[in-house]
Amino acid sequence: MKILGLNEKDSRFLLIVIFLTLATPVLLQPFPEGSGMAQFNAGYPDLMQRFAIFGIFAIGFNILFGLTGYLSFGHAAFLGIGSYAVVWMYKLLDYNVIWGLPLAVVVSGIVALGIGFISLRRSGIYFSILTLAFAQMMFVISYSDLFGRFVGTTITNGETGLQVYGNDPQVLLGATEPSSPHFFGIVMRENFWTPQFGDWQFTFNNGYYFCAVIAILAFYLSLRIFRSPFGLMLRAIKTNQNRLNYTGVHSRPYTLAAFVISGMYAGLAGGLLAAMDPLAGAERMQWTESGTVVLMTILGGAGTLMGPVLGAGFIKYFENIFSKINDNVLHQWFAWMPDGLEDAIVWVLHFFVGKGWHLTLGVLFMLVVIFLPGGLVEGGTRIWRFIRGTDRKEKTADATHQPEHVAYVAEKEEF
Amino acid sequence: MSIIHPTRRRLLQTGAVAGAGLAMPMVFTGAASAYTNEPTGGTVTLGFNVPQTGPYAEEGADELRAYLLAVEHLNGEGDGGAMNTFSSKALKGNGILGKKVAYVTGDTQTKSDAARASAKSMIEKDGAIMITGGSSSGVAVAVQGLCQEAGVIFMAGLTHSNDTTGKDKKANGFRHFFNAYMSGAALAPVLNNAYGSDRKAYHLTADYTWGWTQQASIQAATEGIGWQTVNNVLTPLASTDFSSYIAPVLNSGADVLVLNHYGGNMVNSLTQAVQFGLRDKMVNGKQFEIVVPLYSELMAKGAGKNIEGVFGSTNWSWKLQDEGTKAFVKSFGTKYGFPPSNAAQTVYAQTLLYADAAERAGTFNPCGIVEALEGFEFDGLGNGPTLYRAADHQCFKDVLVMQGKKDAENEYDALEIVEVTPRAQVEYAPDHPMFAGGDLGQCNPGA
Chain C
59 MKILGLNEKD SRFLLIVIFL TLATPVLLQP FPEGSGMAQF NAGYPDLMQR
109 FAIFGIFAIG FNILFGLTGY LSFGHAAFLG IGSYAVVWMY KLLDYNVIWG
159 LPLAVVVSGI VALGIGFISL RRSGIYFSIL TLAFAQMMFV ISYSDLFGRF
209 VGTTITNGET GLQVYGNDPQ VLLGATEPSS PHFFGIVMRE NFWTPQFGDW
259 QFTFNNGYYF CAVIAILAFY LSLRIFRSPF GLMLRAIKTN QNRLNYTGVH
309 SRPYTLAAFV ISGMYAGLAG GLLAAMDPLA GAERMQWTES GTVVLMTILG
359 GAGTLMGPVL GAGFIKYFEN IFSKINDNVL HQWFAWMPDG LEDAIVWVLH
409 FFVGKGWHLT LGVLFMLVVI FLPGGLVEGG TRIWRFIRGT DRKEKTADAT
459 HQPEHVAYVA EKEEF
Chain D
114 MSIIHPTRRR LLQTGAVAGA GLAMPMVFTG AASAYTNEPT GGTVTLGFNV
164 PQTGPYAEEG ADELRAYLLA VEHLNGEGDG GAMNTFSSKA LKGNGILGKK
214 VAYVTGDTQT KSDAARASAK SMIEKDGAIM ITGGSSSGVA VAVQGLCQEA
264 GVIFMAGLTH SNDTTGKDKK ANGFRHFFNA YMSGAALAPV LNNAYGSDRK
314 AYHLTADYTW GWTQQASIQA ATEGIGWQTV NNVLTPLAST DFSSYIAPVL
364 NSGADVLVLN HYGGNMVNSL TQAVQFGLRD KMVNGKQFEI VVPLYSELMA
414 KGAGKNIEGV FGSTNWSWKL QDEGTKAFVK SFGTKYGFPP SNAAQTVYAQ
464 TLLYADAAER AGTFNPCGIV EALEGFEFDG LGNGPTLYRA ADHQCFKDVL
514 VMQGKKDAEN EYDALEIVEV TPRAQVEYAP DHPMFAGGDL GQCNPGA
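Heads up: the sequence lines are chains C and D, in that order. Residue numbers for the first sequence, in this note's numbering: 59 to 473. Residue numbers for the second sequence, in this note's numbering: 114 to 560.
Hints may be right or wrong, so weigh each one.
Here are the in silico distance ranges between beta carbons for each label pair [as the list claims (entries may be wrong)]: (1) Ser-357(D) x Trp-258(C): 57 to 63 Å; (2) Glu-190(D) x Val-406(C): 47 to 53 Å; (3) Gly-182(C) x Ala-360(D): 37 to 43 Å; (4) Tyr-525(D) x Leu-78(C): 52 to 58 Å; (5) Pro-227(C) x Gln-555(D): 20 to 26 Å; (6) Asp-385(C) x Lys-439(D): 24 to 30 Å; (7) Gly-398(D) x Gly-210(C): 37 to 43 Å; (8) Ser-357(D) x Leu-73(C): 58 to 64 Å; (9) Lys-443(D) x Gly-420(C): 36 to 42 Å; (10) Ala-351(D) x His-308(C): 36 to 42 Å.
Worth flagging that the hints you see were computed from the coordinates, not collected in a lab. If you're wondering where the values come from, they're calculated on a predicted model, not measured in any experiment. Positions of the beta carbon are idealized from the N, C-alpha and C atoms, including for glycine.
Work out the full structure: start from the sequences and follow the hints.
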């Protein structure tokens with residue numbers, strides 16, 4: 059079966075992704091309520107929304123980093139710009155996200171054009187440092203609201219974060235309109251279905267499905283970019299930019315386009331964050347956020363289609379689930395053990411849960427980088443091959459760093 | 114490039130898929146309950162959202178200790194602490210409304226985003242009926258807004274900015290801690306007595322909501338007693354080296370340095386100011402002085418000997434001698450082996466106040482709680498007679514002016530009480546210019 063101009067394999071891939079995305083509220087809720095394992099359920103709206111949003115962020119980042127090899131350390135800046143754009147539309151027009159989201163994409167695209175135009179004059183570590191410097195500059199500007207102070211009004215509202223107040227203009231606000239973000243009346247915060255099957259409680263949230271549909275579109279677009287001649291050119295840049303330049307190809311417009319596209323993805327993700335939760339804080343522009351998206355991409359598998367999404371889910375899961383396990387919960391789990399042993403185990407695990415979730419993540423990241431250089435996707439592939447019993451020598455070990463087989467792009471004339 | 118030239122057919126296909134996806138939510142409708150997270154089983158869940166990492170992690174750890182103590186007392190374990198001295202006798206030590214108190218904890222990372230994510234997961238996943246915590250005004254304001262939208266109660270922890278119950282006040286949010294205005298009002302007379310009315314002040318201010326309101330409050334209060342303000346310099350919150358900000362103070366003609374800093378910022382800036390020899394200087398024929406408007410025990414510990422003789426204000430101190438304080442300090446000390454900070458005391462009081470309000474209202478419905486807390490007068494939790502004002506959900510009580518102690522016996526003894534400023538002196542009208550522009554709105558019980 060072929061859909062939407064994809065070949066058979068990619069069509070199947072896309073359908074699987076669509077299925078997984080739409081079934082997330084069920085898939086992430088494997089344990090019954092009230093059981094000890096319910097702690098590990100992740101099927102609540104906020105986290106699912108974050109999976110989808112940071113998935114989009116990582117997909118976009120992967121177009122730059124995975125395809126061209128340019129490591130940007132400043133993508134969080136676009137995340138912040140997207141959020142501010144959306145919240146400003148709430149403040150000026152109304153709570154419908156239809157105004158803010160396109161603006162978020164456009165504004166972050168324009169800023170990405172500016173930053174990319176300057177930063178892409180250098181490559182490697184110098185490029186990374188330049189993007190980091192720009193992002194940090196923008197973080198400081200928004201954290202202290204320097205623009206706002208300059209023009210004498212609030213632009214980012216500093217550390218408190220930009221919020222909607224009752225005395226904002228909101229010129230399009232209708233009398234019966236919901237007072238929280240919505241898409242033509244579909245309120246993001248509300249759940250449209252909360253079925254209960256025995257002890258299993260599922261939550262189907264408007265906001266999540268809004269993000270999910272956009273995430274699927276974003277994924278489809280990225281799939282098309284990967285399979286296009288443009289994508290091939292980006293891979294060529296990663297393989298050897300010098301050689302490409304010697305053959306007479308002017309490569310910078312391609313890298314700039316990739317940078318702008320990934321900036322727009324990040325702006326969209328930032329806009330969606332504000333669409334789910336009408337507040338834009340400067341912290342989401344901090345360099346640690348930029349670092350997180352790098353981690354997501356590498357953890358999942360840079361240059362693969364699915365990897366960044368997996369990485370994003372993985373990191374957000376740890377941030378939200380592991381950070382909430384406290385000593386009290388640990389004691390409950392190990393209550394069946396003798397007291398001394400229980401205390402000893404809790405004492406050791408204490409450093410890996412709660413505030414120590416960074417440590418757990420760090421250890422896992424090290425393990426992945428050392429044993430699975432291709433990220434989680436490589437892990438999945440290895441398991442798949444093991445199950446099928448396929449000889450791993452059939453394919454090159456480092457499939458991600460080789461150009462994919464893309465002959466069909468040239469074969470098809472119509473696009 | 115192929116991707117930006119879709120054929121008509123393909124555009125229709127894509128549109129149909131997207132449309133179907135968007136229309137899907139319309140098909141179903143959700144079930145309704147009286148209010149968000151109505152507890153149905155034998156337990157009620159509270160969400161303790163404190164910084165466990167980041168610059169205010171120490172305060173967060175102390176808050177968490179106090180929360181656990183409050184849960185013990187509510188469930189009838191331990192010695193009952195300040196529940197025995199609390200003027201309202203609605204709490205019986207059998208949980209809240211007969212339901213055992215359970216809790217979840219989260220890490221705000223001292224970031225608004227992380228704090229909101231953590232609070233959301235408590236509400237959506239764990240079914241928390243009340244969120245409490247926060248060790249930074251930015252975080253408190255952000256989480257308070259979230260709780261208002263979600264329809265749960267927010268009991269603010271350590272947040273000192275005027276905005277929390279001023280510009281950003283919300284009907285579902287309550288603050289027991291004092292605020293920047295009260296610090297200024299309490300400090301000014303003491304400063305007048307100690308340093309005279311002819312002083313020139315130089316301000317270094319942490320560049321965020323708390324710093325701004327703190328600076329504006331203390332400036333207004335000191336100018337009220339005749340001081341002049343020479344300069345106000347904003348310092349980034351993330352700074353650790355303040356030497357470049359302190360050097361100009363010497364040549365500015367100022368004879369008082371006001372450090373509107375908190376936590377690690379204050380420890381660093383004060384230490385550096387002392388190292389620059391500011392406190393040994395004579396300017397305009399007067400001894401140079403340093404003032405720190407908001408003190409905490411944990412900061413005093415960090416700054417060590419440098420705080421000797423420096424004035425500041427706190428919400429409460431374990432050295433107070435009323436019954437409520439003694440009961441709380443005793444059970445905290447028994448459990449953890451050292452005295453609580455004023456961050457710990459405010460969150461302990463907030464937890465009891467919430468539980469008590471639920472008992473008196475006979476429901477966990479946020480609107481019932483709001484009604485029970487608004488205008489509530491109580492005593493016996495450590496700050497003397499206290500009023501939860503209905504107009505802005507701010508507590509009014511006595512404020513302490515503290516001074517760094519000479520020859521402190523140990524690290525918990527670094528501050529001594531100079532004056533207990535009576536409640537009447539720190540009160541203000543709800544529409545005071547420093548608090549204006551906000552709207553409490555209606556209580557929101559959620560879905």
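36 to 42 Å as the expected CB spacing between Gly-420(C) and Lys-443(D), which holds or is violated: holds, 41 Å
Per the hint of 20 to 26 Å, is the separation of the Cβ atoms of Pro-227(C) and Gln-555(D) within bounds? The hinted range 20 to 26 Å holds for Pro-227(C) and Gln-555(D), with Cβ atoms some 21 Å apart.
Pairwise beta carbon distance, Ser-357(D) to Leu-73(C), judged against the given window 58 to 64 Å: holds, 60 Å
Holds or violated: the 57 to 63 Å window for the beta-carbon distance between Ser-357(D) and Trp-258(C)? Given about 59 Å between the Cβ atoms, the range holds.
Tell me if the beta carbons of Glu-190(D) and Val-406(C) are separated by a distance inside 47 to 53 Å. violated, 27 Å
Would you say the C-beta atoms of Gly-398(D) and Gly-210(C) sit inside 37 to 43 Å of each other? holds, 40 Å
Lying within 36 to 42 Å: is that true of the beta-carbon distance Ala-351(D) to His-308(C)? This hint holds: roughly 41 Å between Cβ atoms.
At the C-beta level, are Gly-182(C) and Ala-360(D) separated by a distance inside 37 to 43 Å? With a Cβ separation near 39 Å, Gly-182(C) and Ala-360(D) satisfy 37 to 43 Å, so the hint holds.
For Asp-385(C) and Lys-439(D), compare the CB-CB distance with the range 24 to 30 Å and indicate the outcome. Because 29 Å falls inside the window, the suggested range holds.
Could you say whether the range 52 to 58 Å given as a hint is met by the Cβ separation of Tyr-525(D) and Leu-78(C)? About 55 Å separates the Cβ atoms of Tyr-525(D) and Leu-78(C), which means 52 to 58 Å holds.
Violation of the numbered hints given earlier is confined to hint 2; every other hint is satisfied by the structure.
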